[in-house]
Amino acid sequence: MAIISRGFGGRRRESVPGLPPGQYLTHDFPVLSAGPTPRIPLDRWRFTIQTETGESTSWNWDEFTALPAEDYTVDIHCVTKWSKLGTTWRGVSLDTLMENVESAADYTMVHSFGGYTTNVPMEDLLDGKAWIAYKFDGEDLAPEHGGPARLVVPHLYFWKSAKWVNGIQLMNEDEPGFWEAAGYHMYGDPWLEQRYQGD
Amino acid sequence: MSDPDDRAPVEATTLDGNAMAGDLRELFAVDVTAARYKCAGCGHADAVATLMLWGAPTGRVARCPHCSDVVLRVVRAPDRVFLDLHGCVRLEVPLADS
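Residue numbers (the UniProt record's numbering), protein chains in the order written: chain A, 1 to 199; chain B, 1 to 98.
Hints were generated in silico from the structure; no laboratory data involved.
Note that CB positions come from ideal geometry on N, CA and C, so glycine has one too.
Incorrect hints may appear among the rest.
Said to hold, decoys possible - Ranges between beta-carbon positions, derived for each pair:
#1 C42(B) x D71(A): 42 to 48 Å
#2 F29(A) x R25(B): 42 to 48 Å
#3 G22(B) x R44(A): 29 to 35 Å
#4 N60(A) x H66(B): 49 to 55 Å
#5 D79(B) x D95(A): 48 to 54 Å
#6 D46(B) x L67(A): 27 to 33 Å
#7 G22(B) x G54(A): 47 to 53 Å
#8 T48(A) x G22(B): 46 to 52 Å
#9 D79(B) x T48(A): 24 to 30 Å
#10 D127(A) x D46(B): 30 to 36 Å
#11 L91(B) x V31(A): 49 to 55 Å
#12 L42(A) x G22(B): 52 to 58 Å
#13 R25(B) x P121(A): 24 to 30 Å
As the list claims (entries may be wrong) - Covered by chain B, per the in silico footprint, the following chain A stretches (three or more residues, Cβ under 8 Å):
#14 33 to 41
#15 181 to 190
Use the sequences and the hints to build the structure in full.
This is the structure:
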C-alpha cells in the first residue's frame, strides 16, 4: 500500500489565514522603487484633493496632522508575491478627507511627489478601506517606505498604496497610472490574483 | 488644400500588424541598448545603454539621465513581456550592414 506523505515541511501556503493565493509570508518590509526616493521637507509638503469639476481642497503638514487620525492594523500584499500580516499604521482615513469634498466621481488618480501615479476606484477609498498614513509601527514613516505620508489601501495589491503621496484627482473615467500603463492590472485584487492586464 | 475624399481608397491601408513583421524583426533582433532614444520629457538623446535603470521587482524602469523622466519600462509577466515606450519620442536603431 502506497503511503503518500507531505512530510514535515510546514503548513501549506494556502492554509495560512489571511494569505491570498500565490503569496508567501515575509517578516521584513521589502523596498520597491521605480525611481529616486524623494526627500520632502515637511514645510513644503502639501496634500490636495481635486474634484472632477476642478475644485481643490488641500492641507499643509500641520493642518493634515491635526485632523482626526486612526491607528489601524492591516495585512499588506505586494504583487511581487510577498505578504506581511498585521502591520500597524497611523493615518487619516479617506472618509475624513472626503467629508467636505463634493464629488460624484467614480474613479481617482493618486499622485505622488516624484511623478508616480496609480488609479483606484472611488469606492475602494471610502468606508474605512483607505488611509493616508504617516506612521508605521509607531515611528514616523521612513522615506524609503513612502514618508512623510503614503496611501494605504490594503485590500488591493500594494503598488496601489502610493508612496510619497501628494494628492488625489477625482475622475469620471478610469485611466491607468504608472504601473497600470506598463501592463499591470487596472484594479489589482490580490484574492483574485489580478496582477497583469487580462488576469 | 486637399479634399478628404481625394485620399487613397481605404483598401490600400487595410493591412494588419503581420505586414510589419519584417520591419519589427529587423528592429528587435538587434541589440536595442545600442539604439539612440529621444526623451519625450526633455528631448535629450543618447544610447539606450546610458539610461538610468531602476530594477524594481515589479518591472524595469529606465529614466533619462538628463531629466529623470521615465523613457521606457519593461514588465515581465510569466507568459508575456510588456514594453512601454510612453516616454520615448523616437528610437534610432543602427543597422548592422550600413
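For each hint, the structure was consulted:
no.: 1; hint: C42(B) x D71(A): 42 to 48 Å; verdict: 44 Å, holds
no.: 2; hint: F29(A) x R25(B): 42 to 48 Å; verdict: 44 Å, holds
no.: 3; hint: G22(B) x R44(A): 29 to 35 Å; verdict: 53 Å, violated
no.: 4; hint: N60(A) x H66(B): 49 to 55 Å; verdict: 32 Å, violated
no.: 5; hint: D79(B) x D95(A): 48 to 54 Å; verdict: 39 Å, violated
no.: 6; hint: D46(B) x L67(A): 27 to 33 Å; verdict: 46 Å, violated
no.: 7; hint: G22(B) x G54(A): 47 to 53 Å; verdict: 48 Å, holds
no.: 8; hint: T48(A) x G22(B): 46 to 52 Å; verdict: 50 Å, holds
no.: 9; hint: D79(B) x T48(A): 24 to 30 Å; verdict: 40 Å, violated
no.: 10; hint: D127(A) x D46(B): 30 to 36 Å; verdict: 49 Å, violated
no.: 11; hint: L91(B) x V31(A): 49 to 55 Å; verdict: 31 Å, violated
no.: 12; hint: L42(A) x G22(B): 52 to 58 Å; verdict: 57 Å, holds
no.: 13; hint: R25(B) x P121(A): 24 to 30 Å; verdict: 41 Å, violated
no.: 14; hint: 33 to 41; verdict: holds (count 4)
no.: 15; hint: 181 to 190; verdict: holds (count 4)
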